[in-house]
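Please work from the sequences and hints to get the whole structure.
Quick note, the sequences are listed as chains A and B, same order. Per the numbering used here, residue 1376 is the first one in the first sequence, and the count goes up by one each step. Per the numbering used here, residue 1376 is the first one in the second sequence, and the count goes up by one each step.
Bear in mind the hints are in silico, worked out from the structure with no lab data behind them. Hints are supplied without guarantee of correctness; some may be wrong.
To be verified - In silico EDC-like links for lysine to aspartate or glutamate, alpha-carbon gap of 20 Å or less: (1) A/1450 x A/1397; (2) A/1488 x B/1492; (3) B/1416 x A/1541; (4) A/1430 x A/1397.
Protein chains: 2
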Amino acid sequence: MKPDASDFDLQSALTDWRKLADQALSQALDAIAATPGCPAKLAEAMRYAVLGGGKRLRPALCLAACRACGGDASKALDGAVAVEFVHAYSLVHDDLPAMDDDDFRRGRPTCHKQFGEALAILAGDALLTHAFEFAARIPPAQAAVHLLAQAAGAAGMVGGQVNDVDGQALSLEAVESVHRRKTACMMEASVGLGALAANADEKQTEALTSYAAALGLAFQIADDLLAHEGDASELGRPTDSDQKQDRRTHPRLAGLDASRERVAEIIDEALESLRVLGPEALPLRALATFVARRAEGSIDD
Amino acid sequence: MKPDASDFDLQSALTDWRKLADQALSQALDAIAATPGCPAKLAEAMRYAVLGGGKRLRPALCLAACRACGGDASKALDGAVAVEFVHAYSLVHDDLPAMDDDDFRRGRPTCHKQFGEALAILAGDALLTHAFEFAARIPPAQAAVHLLAQAAGAAGMVGGQVNDVDGQALSLEAVESVHRRKTACMMEASVGLGALAANADEKQTEALTSYAAALGLAFQIADDLLAHEGDASELGRPTDSDQKQDRRTHPRLAGLDASRERVAEIIDEALESLRVLGPEALPLRALATFVARRAEGSIDD
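Dropping the structure here:
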């Protein structure tokens, strides 16, 4: 019998990946903190921003993508650090008073509430800077850095955030465009770095990239759905943040049922993309199924 | 007769380098702006931050270092773009209300006064991100990215800014430590990328790095001296910015004469470092002499 995603113990795999990623992240932060000239409180703010919980979804994608292409997950750890540093910096800057002005994240004060605005901006800057140092350890370095810069940059994550902050996303298409750039691009970079680390071929890389693009969009719509339904205590942050900004979300424009259907449709696309990969892609299939179930409202993580 | 720095037409060389750099910067910004998904106003804010004047000292160092090692300056243009993007991002973030809170720079409104704080933060983030894309085009990419990340990161420029903002630099040694990290590190990276682009040997690279470390420190003390003496109209920004922050500067701690002597001493070190390089290092010698004269108060650029 062919194993399918429902047989796979995703929670235990996610726990393993998170442990691997957390260890690599902690070592990376230690190395930065130990460099002569690094102010202690900057190192503290960076550590706070990176190690304060979180699902480590992007590192998991990076490690799982490397495995799916036959590589050893340990080869992709530099990539995992790079994408999580970028993710952590983006949360710190997005939470700033000039942007979303959020006081809490993951049940703790946001970085600028804890360390002040100047140090939060600078801790974010430092994380972004060092992310590239880790990405460049994956050969070929130029390709790895190009991939990360395009995903995180002006036409990727930062561009998506610009359009998100200005609230010009009035149509469903525009909301999906923000989600694609703000979330999906970095998920594509996560699997892309994993694929590079495994020295994957073009067919494998394309399959993983399509998968991650779909997963990222589905994940973000699922997030919109949860924010719409959930309560603050479960998510560890106020769910009225989007409402406060009068931000258009997928379910508000399309309705709950249509948004749920859209997630199911995109997840089917994600699973379809993985068909060219072998049984080693099972964890990625399970992850997609998990996002689909999350959107159905049965999981609140 | 051996040509010396005083025979060299530095202004005309600086103009040539600035033209080369401006052209490369403009092309780089065009390419970013033309990428599907890049919001027009983000591209506009990035262009405003980068192309609003400035001496292009870091690109000049990158191009001149490449020439000094026998390389063609055109090979170092990606490096020049990378270091100027990092410099421009650092000015945008340093000017923010949470940091220096400056309204004007180079005679124009600062980026956040012109585009709002959120877009200024994001334009800085995007510039930093894409800087690495350009640095990674210089082979070997891993070395180029490592060099830039160390110079710009937690133990370099960002670390220096953290200590500068917190105003803990109460001793001359601490002030010089801030200057070294905040200014000299990126000048070292500028010549370092130029040296890489020229495929320089270890001796050449070490000479250039020592030179740039000294030049950067001297340049920043000269800047302190000018801020102490100059008036706002000549520098295009309020000179009371440092005073406003009650920031300790070199001349305030050491006295004007001692600061001028310190610049002369460091510039001698810079010139000494260049001795192992041939006549192609003449522009770099001229640049050091220029900084020395600037500190003497005879030049206000």
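Taking 20 Å as the top limit, are the C-alpha atoms of residue 1488 of chain A and residue 1492 of chain B close enough? Holds, at roughly 18 Å.
Residue 1450 of chain A and residue 1397 of chain A: Cα distance at most 20 Å? 15 Å, holds
Quickly compare the C-alpha distance for residue 1430 of chain A and residue 1397 of chain A to 20 Å and report which way the hint goes. 10 Å, holds
Is the Cα-Cα distance between residue 1416 of chain B and residue 1541 of chain A 20 Å or less? 11 Å, holds
In summary, the structure agrees with every hint in the numbered list given earlier.
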